[in-house]
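Asker: Sequence:
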Amino acid sequence: MDKSLSLTVKRSKGGTRRTLPKIDAMLDWGVVKEGDIIVAKDRGNEGVLQANGNILADDKELSLQAWLKEIYGWSSVQTYVFAIHKQSGKSLSAIREEYMEHQAKDVSNNL
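Read left to right, the sequence shown gives residues 935 to 1045 (our numbering).
These are computed hints drawn from the structure, not numbers from a lab. Just to be clear, a hint being listed does not mean it is correct.
[Said to hold, decoys possible] When the alpha-carbon atoms are kept at most 30 Å apart in a straight line, the in silico DSSO-like pairs for lysine-lysine are as follows:
(1) K975 x K994
(2) K1003 x K1039
(3) K947 x K1024
(4) K1020 x K1003
(5) K1039 x K956
(6) K1003 x K947
(7) K975 x K947
(8) K956 x K1020
(9) K1020 x K947
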C-alpha cells in the first residue's frame, strides 16, 4: 500500500473512514523536514523532528503520539492537530490537508 495516498475504508457498522497519510509520507513529500521544530499546541514544549518521524525532546526519542500524550497527560491525543510546525505556525494536520488539496488540483488539471 502506498502510504502517501489517502485511503477510504468501508466500516462494518456502515459509513466510511478516511485513513490519512502519516508523518513518514509528509517527510517524503518534503512538507516537513528532519530537524524541523515541532511544538505542542498551547504549550511551550518543543521537540526536533527526526528522519524516522519521531521527536527528540529532552534527550529522549519518542513517537509524536507518545511525546504529546506525555505532555498533555491524556490517554489519547489527535496527534496531527496538536503538533504545530514551528517554522510555519501550522498544525501538521493543516500542512497535510494543504498538500493533499494541492495534489488533487494538480491531478484534476492534468485530466
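Asker: Evaluate each hint against the coordinates.
Answerer: Results of checking the hints against the structure:
For the given pair, K975 sits about 19 Å from K994 by alpha-carbon distance, which is consistent with the 30 Å threshold. A threshold of 30 Å between alpha carbons decides the hint, and for K1003 with K1039 the separation of about 35 Å lies outside it, so the pair is violated. Restraint check for K947 and K1024: the C-alpha separation of about 34 Å exceeds 30 Å, so the hint is violated. Taking the CA atoms of K1020 and K1003, the gap is near 19 Å; set against the 30 Å cutoff, the hint holds.
Among the hinted pairs, K1039 with K956 is consistent with the structure: their alpha-carbon atoms are about 21 Å apart, no more than 30 Å. For the suggested pair K1003 and K947, the alpha carbons sit about 29 Å apart, so the restraint of at most 30 Å is met. About 33 Å separates the Cα atoms of K975 and K947, which puts this hinted pair outside 30 Å; it is violated. At roughly 18 Å between alpha-carbon atoms, K956 and K1020 fall within 30 Å of each other, so this suggested pair holds.
Our distance criterion of 30 Å between C-alpha atoms is broken by K1020 and K947, whose separation comes to about 39 Å.
In this structure, the hints that do not hold are numbers 2, 3, 7 and 9, in rising order.
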